[in-house]
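Participant: The primary structure of each chain is shown beneath.
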Amino acid sequence: MIGLWDTTGNEVVKALAAERRSAGGVASGLALTLIAVVEEKKVREAEAAATIAAAAHPCRLLIVVRSDMEGRSRLDAEIVVGGRLGPAEAVVMRMYGRLALHAESVVMPLLAPDVPVVTWWHEEPPAMIANDFLGVVAERRITDSAQAPDPVAALKQRAVDYAPGDTDLTWTRITLWRTLVAGAFDSTEARVVGAKIVAPDRDPTAWLMLGWLKSRLGIEPTLEHTDRAPRLHSVELQCENGDCVRVTREEGTALFSRTGQEDRYMPLPKRPVGDELAEELRRLDADQIYADALGAMAGLSGLDHRNPNRVHVWKDPALAAIAGSAA
Amino acid sequence: MDRPLRTLQNWQDGNVGNPLRTAQDRRLPRIPEPCALVIFGVTGDLSRKKLIPAVYDLANRGLLPPGFVVVGFARADWGDGSFESLAYAAAKKGARTPWREDVWQRLSSQFHFVPGSFDNEDDFDKLAETLDDLRVRNGIAGNTAFYFSIPPAAFPLVLNQLNRTGMADPSKTGGWRRVVVEKPFGHDFQSAVQLNQLVDDVFIPEDVFRIDHYLGKETVQNIMALRFANSLFEPVWNSKYVDSVQITMAEDVGIGTRAAFYDASGAARDVLQNHLLQLLAMIAMEEPTSFDPQEVRAEKLKVLKAISLPADISTGSVRGQYLPGWVAGERAVGYLEEPNIPADSTTETYAAVRLGIQNRRWAGVPFYVRVGKRMPRRVTEIAILFKRAPHLPFDPADVEMLGHNQLVVRVQPDEGVVLKFGSKVPGTSMEVRDIAMDFQYGEAFTESSPEAYERLVLDVLIGDRTLFPDAAEIEQSWRVIDPLEAAWAGQKPEPYRAGEWGPRASDEMLAREGRTWRRA
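First to last, the protein sequences are chains W and U. Numbering follows my numbering, in which position 210 of the first sequence is assigned residue number 212; successive positions increment by one, without gaps. Numbering follows my numbering, in which position 491 of the second sequence is assigned residue number 497; successive positions increment by one, without gaps.
Pulled out of the complex, with its shape left as it was, chain U reads as follows (with noise of 0.2 Å):
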């Protein structure tokens, strides 16, 4: 529990080990101990689009220690060509960075390629000895990141190879060891139960991280800024001045290949469980007494375990299903014209769930929740509506264009902040109307910021958790999404146009208490 985090903790205390590093010098970056990185299921989509090119940038920024070092495990059976040109069309295609072809060759020069299949333990050895040789040759000193870019199914199967190897012992290897896992965490909460018991039973819960990418964006990372940062807003944040919030995640294209999985857990266990929850936990959290990994996790912690769900489900949650329609000036299938999907499936493409929060910042205040396939547009954001005026002292007809005054989270695209308020028309009589004052991160300011998987795979380096939930988190999450699966079980979800904003049902929830979703 208590392992020191020497890199981390250095950087914390200003640093007592390195006398060329103080808390006051700014300018120079985090950089890891030397490492491994290990990634199982290297050749998969996540590996080749995400993982490899933010290994690049890394090394193309500079960030990576000397003797850094990744293993790539696979079975090889991906087709024409080396590992080495397929990880190099994919870096190149990928990287955000200017490419540039010397970082590229002795970056690559320090990449290890172990075929193998899960099922094999040959093949695991083969790896360990690989790891054991780099640790002296490399001077890595064990210490290693194992990162699970495969299926849930084969978690199991990796992990016993890892016990059974030692390579997952940190007592045997020297280093520090790290696991990595991605989405989905399970797909209830038993599920999540038992694969955080698996993953526990071979590292110590403090070495796992679980990647929800939205924490590793800039704009998520901000809401911490924009909160805690100032004091314009604290005030104001809370269900004396807020009517309701509304977090949408809306997406322009289908499920694309995904079909399978897709059709098995939908749109809340896919992005509603993880995505939306942890900004949910962001946006309504109290302050934690430090950026301390712990803190910020027992105040996420705290908010999840006090999110209500609706008493009556059926009332207070809407599901939908694309029908085929037009998006984006082309004609979309239907869901279940989609490829593999069963022509009966009732797996939903749309949910919109209104929860609460039993706190005494946020009793009362509604938090509508909502995420779409097939939307008009992609967008994810978070609107925060103000009460309004408690009285206007305007002729009723003056004042029939002014809404709530809102504050709006855009994490994506076009992140920045808007804040919309009332103003007066430019004349002779006192029309007051809507006007949003528009924060954009400016142009580059967002192309050159790192991606997240960028910012995450270094944190993972470094051992900072401050963005990574933890197996409570998830856990609690699960525990929000259950009630609503097993109410929804057998329900056929509402129609919508693809390209429309979802059901017409979920227009008629807010309707129903007297508001209505903002055009995101």
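Next up, chain W with everything else stripped away, as it sits in the complex (with noise of 0.2 Å):
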């Protein structure tokens, strides 16, 4: 591990580069780059994720954490190759003050060349990805509404500012509940004709769950509000032939009745956030069935007609300060 302090972009590339020599033939298979945009005190939380995913996904990992615009422009930077973070060949760098609104200068020269780019956000997500430019150079974008302040609102805007190549990791935390669901209808020819979703309102994964409902069954899903599960408590599906599928969470596992047979135990364990990521980072393509769901839960259509490509837009914090009190 080589540590910089207020150093430089160019002195970043050529300690990785250097690093890389010495640690031999480490990595050497890159999939892809994973940019990790995180707040200061979620980078070990980030660290450990992209552990995690880097074992099945070999990357190189830029993690960029900006803080105190209003100071001093000051770049400091670790080098991890092997070792710690597992296979992944890592750079956390940290900026301050205007260096921080210019963190692609230092990031561009550190792309692995010729290889796709994921942008992760490890913290609240941008309103508008094209406003920063992290986002703009990537190829998949990964965000997490859940850690926005208003989750649903938060995942209507992603919606709003969707373009394909977007995931949020509220989606695949509804993997496991989805592949349940689904595979009830794998052996039977029933007509789905309604669907209950039981959660506290202001679980974003519940709206999602709506969303796909929605948008394969053309059935309008209703969602009853509970405070008595902190997550996405059941999802219910009533057939045309009058039998009723639900899938219950309890701790860990969950309660599959089916009209007819006896109830099922089936494990739903809560994944760790690294193993979330894993799964996005398997494709690197748009997902439509995501698109789907989120047009449909906000109300929204055409998802994935739009252009992929973002062109950044310069958004200056300062200059919206001044702006906002001038106002």
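Note that these hints are calculated values from the structure, not bench results. This one's a predicted model, so the numbers in the text were calculated from it and none came from an experiment. Ideal Cβ placement from N, Cα and C applies to all residues, glycine included. Heads up, a few of these hints could be off.
[Said to hold, decoys possible] Below, a list of computed lysine to aspartate or glutamate pairs in the DMTMM-like style, where the Cα atoms sit at most 20 Å apart:
(1) W:LYS272 to U:GLU224
(2) W:LYS216 to W:GLU191
(3) U:LYS178 to U:GLU188
(4) U:LYS55 to U:GLU257
(5) W:LYS272 to U:ASP108
(6) U:LYS98 to U:ASP51
[What the hints assert, rightly or not] So the derived label-pair ranges between C-beta atoms look like this:
(7) U:LEU204 to W:ARG285: 39 to 49 Å
(8) W:GLY254 to U:LEU204: 39 to 49 Å
(9) W:ASN12 to U:GLY23: 54 to 64 Å
(10) W:GLY254 to U:ARG503: 27 to 37 Å
Each of the two chains sits in its own frame; use the hints to bring them together as a complex.
Facilitator: Here you go:
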């Protein structure tokens, strides 16, 4: 590991090359560059998650922490090749002052040549990804609406701001749920006519579940608010023939009940962020099913016909602050 | 023949039946229909080391359907403790995913044990009753996979019983029926045909899954990706550019506790007939028109049919038997001193043979295949050695260290791909030597990838036959082995010290053709 304090982008590039040379053949098969945009107190968490994800998807990990935009411009960097962060080669960069607004100037020369770039915000998602150049350079963008103060509003904003290649970890979190629900209809032809989701109404995953069922089945699912469960509690589907399929979460397992059959328990663990991230990195093309679900949930259509390439829109927080005080 | 395979078909056609599954939704894993897995010989070695852990891992990954149930059938004479505790210990010891007590509790509540022996009709009636009962109670609709984790000698007994009780008849039970058999698939062509007929009498050929666990390995499946997803390798994948191919499967261990079986079969029947010929087929086959199981098997069968044996088997093949020696810092006894091996045994523990493939792509390219026990280390790899450049504009002294360009697929351990090519030695003179560009699947890339059995058990339950050799492939493989065995009969194998790369005769066999074995 090399630590560089008050350094420059060029020094970081040189140090990474030197580390790679001295470490030998580590991570010789790079599949992608992962940019993690993180706030200071979540750096360790992001590192742990990226380490898990890198085990399945060998990557160059660039962790960017931006803070104290008013202060003096300054760059600190830490370079780790092999070791603590698993098979990934990683650079953790802390940027202060005006440099934080130009993070791409440090990040761009560090992108591994000709492999896809994925940007992951392990903090409140930006309202407009086009305002963050680190999102504009990426082929895939991963946000986490659950980290916003109002997660459901943040998720709806994702639909407004959507471009093919975006996904949100709230979607990843319901993959296991979707698997269980979809599995119920593998061996039956029954048509679904109605659905009821029970969850706290501030749970974004419940809204995505609603959007998914709506877009796939052409029904209007209802969302019933509950205070008893912290997260998505149950999904119930009514079939035309009167049958009912219900999946209910109970402490890491799901109770699967279906009319005329014994109740079953299926594993439904809460996965670590690293596993969720690994699932996201499996596919680097646009997730059409997500776009449909997100659009259905927010009442927008044609999401996957949007242009996948964003153009950077400059937004200076200093100017915004001045404009704000003037108004 | 054309019984629809609902689940698989749905996946391929973008699904007509289930609106919640579409081809674009690649996050949703393949999950079998509700079904039962019946394991004959559930208390045996294979079941405890591989099957039960694989079932636990599948459950833990959430890949088993609701209503999935395991029915174990075996004699109740394994010693102390209940079946429950035996399965628990086996799963916990062999599991590759983290251990979660609640997952096991739920899974094991769906484990049923039917004690019985294979020659007792009442026991099978009991088994049929259990399955009938589960069909309704668990909603498995009669879907059942029978796993034969038993010696081939017991096959006829069990098959007859399945036939008698109607358990193997889908028209009586309403669901699908599949049977899984393990190697050995006979001991020669004749016995393989008999065995296949026996199984086919009771099950239809499409429902028979023959497990060659090598095909469940991630790296072996990656051979297809390497060859058919890239344009870089195909142009040189032929006799114009390839000098020779070496396929090696070396084990550092001896024969362990398999003395009786091993002494009766030997290295060629044990692994050459199945694992190595399957690897050879994967490397040499033509591109299948699709990854439909029929197409892949058709191409593999064509290659197996094109295999030619050396004109003179005595010079084109070598058999060996290990003497005492040292392996990995420990003293190893010789084959003849192993427990339960007759002192005059002529069974081979090493076999090497020069095969050819009679088609336009491979004519004239030797495929050297070797397999051995008590080798210096455990390694399975396929090395493709390319021809030297037709002209080298260098001083001969400067290219002395330049060998063949090589592409090596390492199957185990350290799964990966190595490309070896010439490169200039840094300095002021123009010296060229070989350098290896090494691609490893990373650290946990292989650790978290499913174990071969996990993948294969799941494929059986889903009904995907792509990774299972069919009867024709097995029979064709025996046609390669039988003439070798015939020529070797009564011959004494060449001795080699434990911890060596096989007998000297094997090196001489390659040296006669101006080649050497790659040190694997």
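Participant: Taking the hints in turn, state whether each one holds.
Facilitator: Checked hints:
1. W:LYS272 to U:GLU224: Violated - the C-alpha atoms of GLU224 (chain U) and LYS272 (chain W) are around 27 Å apart, more than 20 Å.
2. W:LYS216 to W:GLU191: OK: LYS216 (chain W) and GLU191 (chain W) at ~18 Å, within 20 Å.
3. U:LYS178 to U:GLU188: violated, 26 Å
4. U:LYS55 to U:GLU257: holds, 19 Å
5. W:LYS272 to U:ASP108: Given pair LYS272 (chain W), ASP108 (chain U) holds - Cα atoms ~14 Å apart, limit 20 Å.
6. U:LYS98 to U:ASP51: OK: LYS98 (chain U) and ASP51 (chain U) at ~15 Å, within 20 Å.
7. U:LEU204 to W:ARG285: 39 to 49 Å: holds, 45 Å
8. W:GLY254 to U:LEU204: 39 to 49 Å: Given a distance of about 46 Å, which is inside 39 to 49 Å, the answer is holds.
9. W:ASN12 to U:GLY23: 54 to 64 Å: Hint holds: Cβ distance 59 Å, inside 54 to 64 Å.
10. W:GLY254 to U:ARG503: 27 to 37 Å: Violated, at about 55 Å.
Of the numbered hints listed earlier, those contradicted by the structure are 1, 3 and 10.
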